[in-house]
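Here the protein sequences come in this chain order: A and C. Counting in our numbering, the first sequence runs from 3 upward without gaps. Counting in our numbering, the second sequence runs from -18 upward without gaps.
Watch out, some of these pointers could steer you wrong.
Stated by the list, open to error - Using 35 Å as the maximum straight-line C-alpha spacing, the simulated DSBU-like pairs for lysine-lysine come out as follows:
| id | chain 1 | residue 1 | chain 2 | residue 2 |
| --- | --- | --- | --- | --- |
| 1 | C | Lys(-3) | A | Lys113 |
| 2 | C | Lys261 | A | Lys127 |
| 3 | A | Lys7 | C | Lys46 |
| 4 | C | Lys1 | A | Lys127 |
| 5 | C | Lys188 | A | Lys17 |
Said to hold, decoys possible - Now the stretches of chain A that chain C is said to cover, found in silico as 3 or more residues with beta-carbon under 8 Å:
| id | stretch |
| --- | --- |
| 6 | 45 to 58 |
| 7 | 171 to 180 |
| 8 | 185 to 191 |
| 9 | 251 to 263 |
In case anyone wonders, no lab produced these hints; they're calculated from the structure. Note that beta-carbon positions come from the ideal geometry of N, C-alpha and C, so glycine has one too.
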Amino acid sequence: MSQQKITFESPSFFKRLKSMLSVDFYRLFHTPLFYIFLAIAAIIPAMLIGMTNMTGPNGEPTQPLFTNVWQAIAADTPIYGFEGIEKYANMNMVFIFGGIMVSIFIGHDYKSGYVKQLFTTHAKKEDYMISKTLACAFAMASMCISYILGAVLAGALTQTSFAVNVGNLIFAVLGKIFMSLGWASLYTFLNVIFRKYFGISIASSFFFGTGILVIGVGAMVGNTPVLNLFLYGSSVFACLSSTAVNALVCLLTSVFWAVVYNAVGSLVLYRSDVY
Amino acid sequence: MNAIEIRNLTKNFGDKQALKGLNMTVPMGSVYGFIGENGSGKSTTEKIICGLIHPSGGSVKLYGKDYTDVDVRAKVGVLIESPGCFPNYSVWNNLMLQAKNLSIENPADEIRKVLTLVRMEGAAGNKYKNCSLGMKQRIGIAMALLGNPELLVLDEPINGLDADGMRIMREVLLDIARSGRTVVVSSHILGELEKVATHYGIVRNGKMIKEMTAEELNLSCRTFVALKTLDMQKTKNLLGVRYSRVEEDEQGYLRVYDAKNAEEIVSYLYSLGLIVIEIKTDKIGLEEYYIDLMKEKGVN
């Protein structure tokens, strides 16, 4: 029997994170799921804009849902309560579908036993949370861009108006893209909490993704900026009248919740049995 | 320094106590056969060593350090139940992902090396889902070997394999043992385990009931005389009068456990008119030792 001297090395946080990110991005780019959800993200605005320009059963013109292509991206003003489908059906829907994508993506980690293999190495729980959040945030941001392309293409085909204040639009889009990080962290957290129950993971992601809690509160208390403290509130705040302030609020809210969800998710993983 | 030192390990799953103060010492460089019935606590202990589940109490030291230390975790390779692979990825890609997680500098070289060690050089391009059970288990070992770990924890790597798969796995385990690594391997196939293990730990009902070296096992294993005559039933009856334990084994031999030597039995039977046509002395193996020990502890 050998009694050789064992030397120990601790890989740095950045080295560990870089390794894990490379795995997560490899998996993201090599799963059909990602491309399917990119396509879904492009089809949603195309359908919304296409349908809004359809005629009625007898050929009569219908009341268009949107008078402008960009209304499919964001509402004209932030409306937290529910005031009709046209105010709700915009790029925020990417975050609902994104939640389902994250659930399936993380669900594969557990179904395949990958986490079992991962957590027996030097990987730390917070590395996992951060890496998953960043990879999924990238996926959702890509879905946002895909959504815009779908909307633009459908708008061009249906000859819907493109008139907009470009500055406001840029800040609105930036705000929505910034929100991808916060939403991704929420879904990563939910999927860590319900890691043994795939169905509940998807259902909870869908539930929170619809923003129904903020909508409910918004209906009761009215349009108050306090709701921007929440992910759905900030996502609504990124509207077609956005300025740099709106985008900044989105960024801060998103980062705040990402830190909170990553910290709590890591704690849950540390405290509970992983597999 | 021991590779693993476990003291008073307990683990509760709700009301059920899976481990009840288990102690375990695995010397460096040993191949430690971890034996026990289903539900005795083997897998739970291995999962704790691997950092997958938390103990309720007690201490687990790997190379003198707490088992959760990041630097010590990098020294442990693991195969628990089945390898954690993505079914639609190739063997190579699955290994590459694990190599990246381990921050290995030259992953391709390392993957080629471990694939050679587990006799899977030609299967790197196969999709994981198309691999046989034996291949999957070897992929699991290849994955565990990535990063050149000092300690390997292998949970039931032999179970479910056909004869050829078992032979290859035995060769792989012997190669690993020769490399000086410490291996903890659990299995129900004790005959196979006996061919590779240098140390044993027998666990029952969440407690370690026996730890010993292969030499100690050898000394503990009683000798017996195995024989065949032309009238086995009569021989069994006659030997049963004189010796306290006479049993028929799977090969059709009569085993006499408390005879001084073979000559004594031959002359005794000859005096009764029975001719011995075949006779040999042997020792009971790990499997029989284990069964005897379990009987001692009141388990059927």
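These are the hints, each one checked on the structure:
no. : hint                   : result
1   : Lys(-3)(C) / Lys113(A) : 25 Å, holds
2   : Lys261(C) / Lys127(A)  : 59 Å, violated
3   : Lys7(A) / Lys46(C)     : 14 Å, holds
4   : Lys1(C) / Lys127(A)    : 28 Å, holds
5   : Lys188(C) / Lys17(A)   : 40 Å, violated
6   : 45 to 58               : violated (count 0)
7   : 171 to 180             : violated (count 0)
8   : 185 to 191             : violated (count 0)
9   : 251 to 263             : violated (count 0)
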